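*Asks:* Listed here are the chains, written in short residue letters.
4 protein chains.
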Amino acid sequence: MNKLNLGLIGGGFAGQVHSIAFRMMKGFFGQKVKNVSLKVLVTQNESKGRKLAEKFGIDEWMGDWRKLMSKDNIHAVIIATPNYKHKDMVLEAVGKGKHVLCEKPFALNAQDAKEMYDAAENAGLKHGVNFNYRKTPAILLIKKWIDEGRLGKIFTFRSSYLQDWGTDKDGLLNWRFQKKYAGAGSLGDLGAHIIDMARFLVGEFSDIAGIASTRINKRPVGALDFGVSAEKNDKIMGDVDVDDICDVLFTFKNGAQGSLSSSRLAKGRKNHFEFEIYGTGGSIYFDWERRNEVLLYSQEKPNDQSGFSKVIVGATDHPYSDALWAIPGLGIGFAEPFSIQLFEFIDAIYNDKDFSPSFYDGWKNNQVLDAINVSIKERRFIAVL
Amino acid sequence: MNKLNLGLIGGGFAGQVHSIAFRMMKGFFGQKVKNVSLKVLVTQNESKGRKLAEKFGIDEWMGDWRKLMSKDNIHAVIIATPNYKHKDMVLEAVGKGKHVLCEKPFALNAQDAKEMYDAAENAGLKHGVNFNYRKTPAILLIKKWIDEGRLGKIFTFRSSYLQDWGTDKDGLLNWRFQKKYAGAGSLGDLGAHIIDMARFLVGEFSDIAGIASTRINKRPVGALDFGVSAEKNDKIMGDVDVDDICDVLFTFKNGAQGSLSSSRLAKGRKNHFEFEIYGTGGSIYFDWERRNEVLLYSQEKPNDQSGFSKVIVGATDHPYSDALWAIPGLGIGFAEPFSIQLFEFIDAIYNDKDFSPSFYDGWKNNQVLDAINVSIKERRFIAVL
Amino acid sequence: MNKLNLGLIGGGFAGQVHSIAFRMMKGFFGQKVKNVSLKVLVTQNESKGRKLAEKFGIDEWMGDWRKLMSKDNIHAVIIATPNYKHKDMVLEAVGKGKHVLCEKPFALNAQDAKEMYDAAENAGLKHGVNFNYRKTPAILLIKKWIDEGRLGKIFTFRSSYLQDWGTDKDGLLNWRFQKKYAGAGSLGDLGAHIIDMARFLVGEFSDIAGIASTRINKRPVGALDFGVSAEKNDKIMGDVDVDDICDVLFTFKNGAQGSLSSSRLAKGRKNHFEFEIYGTGGSIYFDWERRNEVLLYSQEKPNDQSGFSKVIVGATDHPYSDALWAIPGLGIGFAEPFSIQLFEFIDAIYNDKDFSPSFYDGWKNNQVLDAINVSIKERRFIAVL
Amino acid sequence: MNKLNLGLIGGGFAGQVHSIAFRMMKGFFGQKVKNVSLKVLVTQNESKGRKLAEKFGIDEWMGDWRKLMSKDNIHAVIIATPNYKHKDMVLEAVGKGKHVLCEKPFALNAQDAKEMYDAAENAGLKHGVNFNYRKTPAILLIKKWIDEGRLGKIFTFRSSYLQDWGTDKDGLLNWRFQKKYAGAGSLGDLGAHIIDMARFLVGEFSDIAGIASTRINKRPVGALDFGVSAEKNDKIMGDVDVDDICDVLFTFKNGAQGSLSSSRLAKGRKNHFEFEIYGTGGSIYFDWERRNEVLLYSQEKPNDQSGFSKVIVGATDHPYSDALWAIPGLGIGFAEPFSIQLFEFIDAIYNDKDFSPSFYDGWKNNQVLDAINVSIKERRFIAVL
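Those protein sequence lines, which keep their order, are chains E, F, P and X. Going by this note's numbering, 343 is the number at position 313 of the first sequence; the sequence numbering is gapless. Going by this note's numbering, 33 is the number at position 3 of the second sequence; the sequence numbering is gapless. Going by this note's numbering, 328 is the number at position 298 of the third sequence; the sequence numbering is gapless. Going by this note's numbering, 129 is the number at position 99 of the fourth sequence; the sequence numbering is gapless.
Think of the hints as simulated: they come from the structure by calculation, not from any bench. Just to be clear, a hint being listed does not mean it is correct.
Below are the BS3-like pairs computed for lysine-lysine, each with C-alpha atoms no more than 27 angstroms apart in a straight line [what the hints assert, rightly or not]: (1) E:62 with E:78; (2) X:340 with F:331; (3) P:340 with F:64; (4) P:81 with F:62; (5) X:383 with F:331; (6) P:183 with X:407; (7) E:331 with E:183; (8) P:283 with X:199; (9) E:78 with X:33; (10) P:331 with E:174; (11) E:62 with X:78; (12) F:199 with E:283; (13) F:97 with F:199; (14) F:383 with F:407; (15) P:69 with F:64; (16) F:81 with P:383; (17) E:115 with E:81; (18) X:173 with X:33; (19) P:115 with P:209; (20) F:209 with E:183.
It should be emphasised that the depicted structure is a prediction, and the values quoted were computed from it without experimental measurement.
In isolation and in its complexed conformation, chain E is listed as follows (with noise of 0.2 angstroms):
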């Protein structure tokens, strides 16, 4: 096994998350990634820099993300960066011939994705998008029963991811509000992740209808980078583009139909990502909040003791009950799916596996954003491509 060196993008948040999945990775899978090491940083904030490597663990840092590309010694980047920045950080980097694991939403629409995707792609390197939420036990599990028909056929797929930090009228014009660096609003934060999920233990989607709103249309103007401190002007106002709430109704290729529904302003919610799946063998209901259960429903004919089973995941015949924590109930928090999906990717990248979910998952993603985007301006069904 070689010496794999990683460079991380991204001081903010996600950068964080990444660092420490990094370390925990190393606890928990300890042999099999002996040789990796996370060396570069790279990171705008100049007086941050070095701290921030420090908190994170890394030796480097610096401001430039093309000087890391052009670093012999990296031979694969994380990008956690907004949404906005990715498409020209990816090509740099394929073009120098390094893996990359990308954020998400992954591109700010389809044609740059798919731009992205097939350079990687023609370039023989591995490469992913970073929706970590397939890779928590429980959705692992839950796609081992799939998979084994536990389910039988699936039709119906219903989802919302709801938070509330949107409520705040005084929160700055980041990013997120603004259409040319986000993309979407709630649908690309929030929404992104449910379709992802839908496409990993449902299917692709077919067509779409969707209906979007903003609530709060005018934020004092402020910071641009996510988790880098700005000065607020609250005299200066701007416009926010994007969608605070969306709800979409959707069918999939195979015959299945369904409706999600993401919101900034919902109030009380958290993190609350909960979706039900119904098939003719049985049903799942999963909430985020309590990552470590799930409701399964399962029975072939009904008894008298029919009902949903609460199952809490870490069993020893669940996945990565090996490698996290060996005893049920203990429970992951949000850095441990994170964790699994590093391992994966770095796994791809030593045994030449097949990774997901990749740039390709990346794309089809980006590709019912679009459709749904399409839908709610000209009001009628559309189909994805």
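Fit chains F, P and X to the known structure of chain E by using the hints.
*Replies:* For chains F, P and X alone, kept in the frame of chain E given last:
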């Protein structure tokens, strides 16, 4: 207070519920309904008529509903029959000057519904549709909070009503599976309740997009009337021409938006009628299977104790807590809301008050159902009239 | 089936529940109880007697319970009065050859209870104590599972019954706060239900250790009878001489062990009666505030789907699902278990069956209460006789 | 800030947790712990030592813990070994001037514990016991609320800690089943955590009554050390001489009362550590399996919105929300509380602060355990010293 005599049409499940609700009403409301009697039961099945009447606590029974309408000592009728019989019965009753409380869904289509509404209204009679869930004390409490502005301006309503009795492939082709008798499938049976709840709590519908599917297309021919036994003929299969599953996206005239899902094929779900509402001032979650609890978030400014409050219904200052079980947490069952409804209907007659949900609500409900059915068929957004 | 006439003593809350339960029973059980009548109400308050009787659906009322006992056309009586009146009433009723269904807690102490039990038994009459929670369909389902061995050998029973109405310091010194009338405080009111549940589901008690405390020692003098209004005198304060809170540790004769907690001062708890049972074969959790659900774990060998199943009560093969609401998830309220109990009591009379919980159960319950009271006082383990 | 080097004794599960927690701590607390290193791992198993050290991110390893104690460049040690080894290790470490963080249960009995506490205290060193659950952000939030008086005067604490790994009859007779190694069974393993939580949140114990039972009395002889593989010998069975199940009743010196239950045989329960607290001002319910939620009732005067609030932990004004995941609802797993604990321990060393839970807490915990064991044996109430 003069003597008020009621007639009940329907000896099936709904009929039984109304008869028990009538008895409970007597016990809950005492003097206020002391001169009210449930006098006559109409049910087709001759052999069971007498026994059913005894069970329901009704002195007289008959097989012909038209005969009931011509009885002068009957002042009001409860129509608890399948959908397709409502129009004739309502028009006849109204023609004979009788107040009418009718089961839902009200009519087979909005045109019929309008005719029925106009007839009752023009005759100056009290009329109601049995959207029983409205009368759940928890719902009346939610309505009170909304009217008082505790949720602020509402912008999202999201609901599902899921059951699984349809998953039994050997289940008979009863009236609920046939368009000519039921009008719609899960949408008419379950979705109609959601639509009424949305109209009650949020407002009138504006635009709609729907998707539906029928998963079990043929069923053994059997009984038409629910609750009436029939010879099942496994060899003769008939077509199911209504939806098993329906998902709908919508906007309200006041600008709110949302979605609904109805299903008869949601394995493990028994009577899972849930909804969530989000507004500028707060949020609500309610699940009818836990009908004595409301989850409410209503903090103006969050503090370190903020969260959804589980309000146990039945406290002194909750609706009807004085009439029903006076101790919160004792809890109500399926019949109590019917009792409240019946009381309010009788109260409206005695004291010439408005009653709701009225035939107007039945008509508006049918309009929404019609719009959804068109949207499903033509796969486009439809404006509700 | 001969005519069977019942008399009801008590016009308070319990009396109202019994009267509504009687009416529901008629609707649920039909022909089986068609010759049963609730004929006479006894209640002290002259001014309200007639109105209460009308509300309760009872033709005749009187103020003197001894007069009821001497009526030949009354075959059975329901005693729904405070604890301290039970003994005289029971002995008189039994002396007059009447079957008796008596409210809980049965007697003021085990000695009285034994006398009452012997009297009824020697007279060859049917006798029952209103431990209504036993008759909840969910509890009957749990009992069935235990009898079928699905939990294996039980080794733990842990329960609490918590309310918060006692936290109001201005609450009157009613009979429930006085030892001479109530026998015990939260222990007698709530703990007695836990004790009955434990005896029903697990077995007879062996050794006991208890701790209790009274937190609000004085209350304004007021009504003796619950449900009867009285002038509150805020200036005259009386002593509370029963427990507000009680915790008990115990073993069963079959070797199982456990604990119970009762309280009137558990802020936020309304009628929170919960228990959990663990055995060699499985586990159960039940909360009466969610009385239509049972959580059951019964996997012999765990697999990747193992977990507590939320069984929605009311399925075809669940107890009394044919008589009550025939669709699981519709759900029962506070009165339905009273209806079942009344039906079983009447069925026992008509068909000479054993009825339980009988006075024997009342006596055994009082024995446990007595042992706990001694343990609390002497702070030592006490063997239940 | 000087260099601070730690040694870790124990290569089993607890050792792994501490090593991951150390890495997370670096990522969460950054500059504040930048000069701290985890330098040496001590573990018995020679063949695995090097690999474990690599996995744990530790440069050096050794097999002899006494050797570690004699190293001058080690300033503090983490003892993550079975119970029976703690005393020797602690006394040696303290004798060599090293600060000590020791696993729980602290000692085999209160006498040993006192000796260990005195030694550390007299040497002027920082000392801590790993009651990790205390450091859960939710628990720190609850503690803050209690200290601020939001629950008023507490009068009830009721808790259970239930697992089911003991139900496997083929499970080896590891050290946790033997008194000489573990001191107690479920009581020492799980009950000790409850006792610590009660002392932390409510106060010191006063009187105690306990009941315990051992249900699986013989197990196949196997490994002594948890986490170290051993040849299982199914033919040689050894005696289990500690409790499987334990129930305890108690009072606190401040007048509160309560109970605890611990079990290894609670089928379906994985790491079910729950407690509820009732006071004059409010109530709390907490379940560690849902460690990112606290149920709180704190209304001074009830209104129509009163109920238990589900507080999602991680809001801006919650403990450590700035250091850990900054968005409520992202949620923590098993290791985060260990990270906080380690940080506080290091902070105590650097800044000469008090650390708790200290050896004093370990000693008081052992006193309670001893009292329970006497009560179980002699079946009488015992006063805790």
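*Asks:* The structure should be examined with respect to each hint, and the outcome stated for every one.
*Replies:* Here is what the structure says about each hint:
1. For the hint linking residue 62 of chain E to residue 78 of chain E, the alpha-carbon distance of about 33 angstroms lies beyond 27 angstroms, and the restraint is violated.
2. Between residue 340 of chain X and residue 331 of chain F the alpha-carbon distance is near 16 angstroms, which keeps this suggested pair within the 27 angstroms criterion.
3. With a C-alpha separation of about 42 angstroms, the suggested pairing of residue 340 of chain P with residue 64 of chain F is violated against the 27 angstroms cut-off.
4. Simply put, residue 81 of chain P and residue 62 of chain F have alpha-carbon atoms about 11 angstroms apart, close enough for the 27 angstroms limit, and the pair holds.
5. With a C-alpha separation of about 35 angstroms, the suggested pairing of residue 383 of chain X with residue 331 of chain F is violated against the 27 angstroms cut-off.
6. Our distance criterion of 27 angstroms between C-alpha atoms is met by residue 183 of chain P and residue 407 of chain X, whose separation comes to about 24 angstroms.
7. About 16 angstroms separates the Cα atoms of residue 331 of chain E and residue 183 of chain E, which keeps this hinted pair within 27 angstroms; it holds.
8. At roughly 25 angstroms between alpha-carbon atoms, residue 283 of chain P and residue 199 of chain X fall within 27 angstroms of each other, so this suggested pair holds.
9. At roughly 23 angstroms between alpha-carbon atoms, residue 78 of chain E and residue 33 of chain X fall within 27 angstroms of each other, so this suggested pair holds.
10. This hinted pair checks out: residue 331 of chain P and residue 174 of chain E have alpha carbons roughly 20 angstroms apart, not beyond 27 angstroms.
11. A threshold of 27 angstroms between alpha carbons decides the hint, and for residue 62 of chain E with residue 78 of chain X the separation of about 15 angstroms falls inside it, so the pair holds.
12. This hinted pair checks out: residue 199 of chain F and residue 283 of chain E have alpha carbons roughly 25 angstroms apart, not beyond 27 angstroms.
13. The straight-line distance between the Cα atoms of residue 97 of chain F and residue 199 of chain F is roughly 39 angstroms, outside the 27 angstroms bound, and the hint therefore fails.
14. About 40 angstroms separates the Cα atoms of residue 383 of chain F and residue 407 of chain F, which puts this hinted pair outside 27 angstroms; it is violated.
15. The straight-line distance between the Cα atoms of residue 69 of chain P and residue 64 of chain F is roughly 17 angstroms, inside the 27 angstroms bound, and the hint therefore holds.
16. Annotation: proposed proximity of residue 81 of chain F to residue 383 of chain P holds, straight-line Cα distance about 25 angstroms (limit 27 angstroms).
17. For the hint linking residue 115 of chain E to residue 81 of chain E, the alpha-carbon distance of about 24 angstroms falls within 27 angstroms, and the restraint holds.
18. Our distance criterion of 27 angstroms between C-alpha atoms is broken by residue 173 of chain X and residue 33 of chain X, whose separation comes to about 32 angstroms.
19. Distance restraint check for residue 115 of chain P and residue 209 of chain P: the Cα-Cα separation of roughly 13 angstroms lies within the 27 angstroms cut-off, and the hinted pair is therefore satisfied.
20. Of the supplied pair hints, the one linking residue 209 of chain F and residue 183 of chain E holds, its CA atoms being roughly 26 angstroms apart against a limit of 27 angstroms.
Going through the hint list in order, the structure does not satisfy hints 1, 3, 5, 13, 14, 18.
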